[in-house]
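With the sequences and hints as input, model every part of the structure.
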Amino acid sequence: MSSPTPSSSASSSAPTAAVSETSGIRAVLRYSGIPPSLLRVPKFRLPSRNWLIFLGVSGSLASLFIYDRRECKRIRREACEQVRWMADLPLDPQATVKCIKVLAAKQPGDDESAKGMLYFRKWVKPILVAAAVDYDMIVGERHGSITNLVSKEIQHKRLIRAGFLQPDAGPTPSQSAQARQERELQGGVVLVGRATFKEYLEGLKRGYGEPASLGRGGRERGEDEEDALVSKALEGDGVFDEPHMADSTSSDSDSTIGTPQPVSPQLQSFRNPLLPSFELRPLARLSPSPSVVLPPETSLPPQPALLLLPFRNLVGISLIPRQIWGFFNRRYYAKSGAESALILLKGATRPFDPETDLEFGKDAEGFWPGKFDKVDEEVAKRKAEYYKELTKKLATARELANGTHKPTKEEERNPPKTEQELRQERFDKEKRWKRELEGWEVVKRSKRPAWEQGWEEQMRVFEQEGVRGAI
1 MSSPTPSSSA SSSAPTAAVS ETSGIRAVLR YSGIPPSLLR VPKFRLPSRN
51 WLIFLGVSGS LASLFIYDRR ECKRIRREAC EQVRWMADLP LDPQATVKCI
101 KVLAAKQPGD DESAKGMLYF RKWVKPILVA AAVDYDMIVG ERHGSITNLV
151 SKEIQHKRLI RAGFLQPDAG PTPSQSAQAR QERELQGGVV LVGRATFKEY
201 LEGLKRGYGE PASLGRGGRE RGEDEEDALV SKALEGDGVF DEPHMADSTS
251 SDSDSTIGTP QPVSPQLQSF RNPLLPSFEL RPLARLSPSP SVVLPPETSL
301 PPQPALLLLP FRNLVGISLI PRQIWGFFNR RYYAKSGAES ALILLKGATR
351 PFDPETDLEF GKDAEGFWPG KFDKVDEEVA KRKAEYYKEL TKKLATAREL
401 ANGTHKPTKE EERNPPKTEQ ELRQERFDKE KRWKRELEGW EVVKRSKRPA
451 WEQGWEEQMR VFEQEGVRGA I
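What the sequence shown shows, in my numbering, is residues 1 to 471, in sequence order.
Watch out, some of these pointers could steer you wrong.
Estimated spans, in silico, between C-beta atoms of each pair [what the hints assert, rightly or not]:
1) 26 - 65: 38 to 46 Å
2) 464 - 377: 38 to 46 Å
3) 165 - 452: 20 to 28 Å
4) 165 - 445: 22 to 30 Å
5) 293 - 89: 37 to 45 Å
6) 359 - 142: 42 to 50 Å
7) 388 - 68: 46 to 54 Å
8) 378 - 411: 30 to 38 Å
9) 165 - 412: 49 to 57 Å
Straight-line distance between alpha carbons at most 25 Å, and here's what the computed PhoX-like set of lysine-lysine pairs gives [unchecked claim]:
10) 371 - 431
11) 417 - 381
12) 362 - 444
13) 406 - 417
Worth flagging that the hints you see were computed from the coordinates, not collected in a lab.
All of these numbers come straight from a predicted model, not from anything done at the bench.
Even for Gly, the Cβ is constructed at its ideal location relative to N, Cα and C.
As structure tokens, then:
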């Protein structure tokens, strides 16, 4: 029996393969005119290792993001449904309307002053809007702004109660002072974060614990006193003293040292005519502060209840891991904000406990940048650099004013500041540095919140058991 040759076996297997390829339903579809390329079944295989890593990581991150945002919407929706009935309540036109005051100070180490208010607007405000509750948002543009605002408003109210000032005209002029005070007590104050808490208590201490003077009245009351203090501090430092001339024989030369010199025609001739004329503020603006009309108060009157809203501002390279974690866990912020809003709207309060409430937000101070502890050193450095340049600018201004220095082409195009302008610029900078240091002294890490014995009897905090963790 002879074995088949290789050529014969190959030729016999070819028709079998051709028949197997075109057999069954595919053969019917092929002969019906469907292209063979559409009938081929693709061969599935796993992607490469790099593709598996990429798809796994990106898919996991996308799933975390989508789940987190859905949870945020769910938490917000459930909280809004719990308080929506408040918006349907009938409102008496003659009754006082509850108004919530929201205070958010500038966060330490952050150039953006509205970070705390952005937190409130994103996680608390929607629930208040669903309940149709009125609110007033105030942002501190710099450290100490909330302190100054609270203290000036308190002293302004004291002057009104004493009859030295007239009440501000509002939408309801017929409303009595007692009704306005009742409206404030019915509302509340939301303090966003540790920095706002410190500034608010310091404002209470200054508002009731310092003498109240008329000044200008209103929210600007006290600026005259502040300008007078800055002017008095700069009066005898000798920065603008004229250098002693060898041929000076006038007996009254000492009395004119440091006084503003008039701008000479030589300097005015090359001043830009498109720039507005500049004049120093009148000396009456820096007059001594008015006489004290109200002594400090020995006791604290009843205050609106406080809602202490926790807030951490993560700034800095070392906190990037926490920022990434927070990006995928916004639901915890939504839950905390919704619980705080429900506590505020339900209105249950408890007495202020100095032992525990004064520690509010203490852990958030650990996330403040380290450079915030050296603000005083930074201000001193900027002052040294400024006064170093001021000496050169002052010499140039006096040479141009006296005609001993011919202006260059660059000085004709961009005229340097006159001595009057340099005096005003220095005054404004010193005033700004003074405010910056005062605000830093209130908020800095080593400073405890201001507190006086007996305040706990007049202060309350929004709190209700069972709300935390219910959402």
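Now the hints, each set against the structure:
1. Evaluation of the 38 to 46 Å hint for residue 26 and residue 65 yields a pass: the beta carbon distance comes to about 44 Å.
2. Range check, residue 464 to residue 377: about 45 Å between beta-carbon atoms, so the 38 to 46 Å window is met.
3. Between residue 165 and residue 452 the Cβ separation comes to about 26 Å, which falls inside the hinted range of 20 to 28 Å.
4. At roughly 38 Å, the beta-carbon separation of residue 165 and residue 445 lies outside the given 22 to 30 Å, and the hint is violated.
5. Restraint check, residue 293 to residue 89: a C-beta distance of roughly 44 Å satisfies the suggested window 37 to 45 Å.
6. At roughly 26 Å, the beta carbons of residue 359 and residue 142 sit outside the given window of 42 to 50 Å.
7. Here the CB-CB span from residue 388 to residue 68 is close to 52 Å, well matched to the stated 46 to 54 Å.
8. The supplied range of 30 to 38 Å is met by residue 378 and residue 411, whose beta-carbon atoms lie about 32 Å from each other.
9. Hint check: residue 165 to residue 412, Cβ distance near 51 Å, so the stated range 49 to 57 Å holds.
10. For the suggested pair residue 371 and residue 431, the alpha carbons sit about 22 Å apart, so the restraint of at most 25 Å is met.
11. For the suggested pair residue 417 and residue 381, the alpha carbons sit about 23 Å apart, so the restraint of at most 25 Å is met.
12. A C-alpha spacing of about 12 Å is found between residue 362 and residue 444, which places the hinted pair at or below 25 Å, so the restraint holds.
13. Simply put, residue 406 and residue 417 have alpha-carbon atoms about 15 Å apart, close enough for the 25 Å limit, and the pair holds.
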